[in-house]
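Chemist: Listed below are the residues making up each chain.
2 protein chains.
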Amino acid sequence: MSPRTQGVTYEEKHVEVLKAAAALFAHRDFHKTSVRDLARATRRSLSGLYYYFASKEELLYQIQHHCYATLLESVETALAGLSTPHEKLLTFISHHVGYFRRHMDEMKVLAHEDLTLGGEYGQKILELKRRYSQVLVDIIRAYAAREGRERELPSPEMGAFILFGMMNWLYTWPKRLRSRPPEEVAEAIAQIFLCGYPGCTASDQATLRDQIQCSGQRFWKTAGSGHEGGT
Amino acid sequence: MSPRTQGVTYEEKHVEVLKAAAALFAHRDFHKTSVRDLARATRRSLSGLYYYFASKEELLYQIQHHCYATLLESVETALAGLSTPHEKLLTFISHHVGYFRRHMDEMKVLAHEDLTLGGEYGQKILELKRRYSQVLVDIIRAYAAREGRERELPSPEMGAFILFGMMNWLYTWPKRLRSRPPEEVAEAIAQIFLCGYPGCTASDQATLRDQIQCSGQRFWKTAGSGHEGGT
DNA sequence: GTAATATTCGAACGATCGTTCGAACAGCCT
DNA sequence: AGGCTGTTCGAACGATCGTTCGAATATTAC
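So the sequence lines, in the order shown, correspond to chains H and G. Take the position in the first sequence, starting the count at 1, then add 3; the result is the number in the numbering used here. Take the position in the second sequence, starting the count at 1, then add 3; the result is the number in the numbering used here.
Honestly, the hints are just simulated from the structure, not real lab data. Just to be clear, a hint being listed does not mean it is correct.
Said to hold, decoys possible - Cross-link-like lysine to any residue pairs, in silico, SDA-like; alpha carbons within 20 Å at most: (1) G:K178 <-> H:L156; (2) H:K132 <-> G:W172; (3) G:K35 <-> H:A114; (4) G:K111 <-> G:G125; (5) H:K111 <-> H:W176; (6) H:K178 <-> G:K178; (7) H:K35 <-> G:V38; (8) G:K91 <-> G:S77; (9) H:K111 <-> G:E116; (10) G:K111 <-> G:L129; (11) G:K111 <-> G:D40; (12) H:K178 <-> G:G125; (13) G:K178 <-> G:H30; (14) G:K35 <-> G:L120; (15) H:K59 <-> H:E123; (16) G:K178 <-> H:L120; (17) G:K111 <-> H:G10; (18) G:K111 <-> H:H115; (19) G:K132 <-> H:Y174; (20) G:K178 <-> H:E116; (21) G:K178 <-> G:A114; (22) H:K132 <-> G:H115; (23) G:K178 <-> H:R134; (24) H:K91 <-> H:R149; (25) H:K111 <-> G:W172; (26) G:K127 <-> G:S58; (27) H:K59 <-> G:S37; (28) H:K111 <-> G:F167; (29) H:K35 <-> G:G122; (30) G:K35 <-> H:S58; (31) H:K178 <-> G:D117; (32) G:K111 <-> H:L120; (33) H:K178 <-> G:Q137; (34) H:K59 <-> G:T36.
Take the sequences, apply the hints, and build the full model.
Modeler: The following block contains the structure:
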């Protein structure tokens with residue numbers, strides 16, 4: 004009954020639709036999910052949904068675009084101020100894993116419906132994906148370059164895709180593994196990748212565990228059911 | 004015009020349909036692909052296709068079941084006679100990567116449509132997946148146990164999923180990376196995983212490169228357009 | 001109060017989906 | 001020739017799909 008606690012803004016309802024859609028797409032596949040399913044899940048009418056998106060494809064685009072945009076902004080914040088490639092690599096890994104765990108539905112939609120969008124939507128998503136991948140490639144190249152080993156095989160680019168594979172495969176893990184503490188998962192992946200990729204020093208390995216940190220910022224902008232607070 | 008060269012058996016036509024379906028499912032997604040698309044691709048009539056499968060779901064099941072069955076049989080042959088966990092691990096990795104590269108369409112369908120099948124079909128595929136995963140888990144456990152480190156983190160089970168992630172993510176790589184020699188890819192993945200996972204010895208690392216071997220057997224049983232010959 | 005605006009809805013559109021069915025055609029046996 | 005079996009097909013079924021549209025309802029402005 005307080006003055007503005009009752010009113011629900013457009014943005015909040017919009018986000019509610021996007022969250023429900025991401026959950027459905029994640030668990031049932033994009034093409035298998037009908038707009039009618041989403042209407043049922045959000046307890047809205049079929050046509051009423053089209054007030055929040057122009058088409059089913061644009062709905063997927065909204066989810067993926069927002070997820071990539073938040074991911075990019077958030078990782079750049081996390082990397083800001085770090086100086087050594089070793090710190091940056093550890094931070095990138097723990098950030099990605101933590102983000103993945105906090106927004107599993109959206110990240111699964113990002114990974115699983117990777118090439119679902121064509122045309123202009125697909126182009127824009129691809130561009131965001133390239134930008135995000137490039138961040139990791141550059142870190143890995145600098146990491147190996149400390150020891151002058153950046154031209155060895157596997158190339159920094161291949162290394163990045165191998166590392167993305169370890170991390171993005173998370174959503175297929177059985178639940179008892181998938182829901183272990185994100186720090187444990189991030190540490191496991193970091194240890195395997197760092198120690199195996201050319202250029203790891205003894206001190207890198209020694210200080211690995213203490214530098215894993217998986218907390219994160221809010222995802223959707225509304226106040227409701229926020230995923231958690233910052234560092 | 005030789006007596007039996009002209010005749011096309013049921014099995015050959017069946018396999019032709021399965022191969023075309025796997026290619027369509029891999030490039031366009033299972034739910035996005037219609038039976039009419041498959042009819043067009045195989046230059047058959049819509050109803051004529053149902054002579055080779057009972058339903059679209061059973062068609063996907065046939066593809067996945069055959070892929071897992073061949074994969075299992077083939078990896079067990081490759082592992083037979085090997086004694087050390089180190090040899091077995093290297094062989095598993097190079098076999099999986101080689102198999103993946105030789106049957107990219109089918110393996111993408113296996114990975115990407117992992118949970119698409121429900122009911123009895125889904126159960127049977129899940130059972131095959133479990134059996135295949137268990138092979139790798141057991142190898143990794145034995146690998147770490149040589150040095151008494153099988154209880155360290157990451158657990159052999161988590162290690163297996165991390166390793167599967169590296170390998171199964173292959174189908175999302177850009178083409179210029181995806182089509183590098185399979186031995187190079189397998190070596191990169193093997194090096195990263197072996198050196199990072201607990202229990203790797205100095206001699207393991209030294210002999211790594213020489214033990215990578217990615218050739219493989221025939222996939223579909225027909226003679227036509229076989230993928231290649233033996234070891 | 002009334003008017004303007006923001007939001008939701010029911011009903012229906014044409015398109016496409018997976019599947020079925022009986023007929024047609026092929027090749028082989030006698 | 002006729003009959004049998006394996007293979008293919010055209011046409012159609014009911015169901016469901018994404019989307020549209022004008023009307024109804026809430027909300028806000030005056």
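Chemist: Look at each hint and say if it fits the structure.
Modeler: Results of checking the hints against the structure:
no.	hint	in the structure
1	G:K178 <-> H:L156	holds (18 Å)
2	H:K132 <-> G:W172	holds (15 Å)
3	G:K35 <-> H:A114	holds (17 Å)
4	G:K111 <-> G:G125	holds (17 Å)
5	H:K111 <-> H:W176	holds (12 Å)
6	H:K178 <-> G:K178	violated (32 Å)
7	H:K35 <-> G:V38	holds (15 Å)
8	G:K91 <-> G:S77	holds (14 Å)
9	H:K111 <-> G:E116	holds (13 Å)
10	G:K111 <-> G:L129	holds (16 Å)
11	G:K111 <-> G:D40	holds (19 Å)
12	H:K178 <-> G:G125	holds (17 Å)
13	G:K178 <-> G:H30	holds (14 Å)
14	G:K35 <-> G:L120	holds (15 Å)
15	H:K59 <-> H:E123	holds (14 Å)
16	G:K178 <-> H:L120	holds (19 Å)
17	G:K111 <-> H:G10	violated (47 Å)
18	G:K111 <-> H:H115	holds (12 Å)
19	G:K132 <-> H:Y174	holds (16 Å)
20	G:K178 <-> H:E116	holds (18 Å)
21	G:K178 <-> G:A114	holds (18 Å)
22	H:K132 <-> G:H115	holds (19 Å)
23	G:K178 <-> H:R134	holds (18 Å)
24	H:K91 <-> H:R149	holds (13 Å)
25	H:K111 <-> G:W172	holds (13 Å)
26	G:K127 <-> G:S58	holds (17 Å)
27	H:K59 <-> G:S37	holds (19 Å)
28	H:K111 <-> G:F167	holds (17 Å)
29	H:K35 <-> G:G122	holds (16 Å)
30	G:K35 <-> H:S58	holds (17 Å)
31	H:K178 <-> G:D117	holds (15 Å)
32	G:K111 <-> H:L120	holds (18 Å)
33	H:K178 <-> G:Q137	holds (16 Å)
34	H:K59 <-> G:T36	holds (17 Å)
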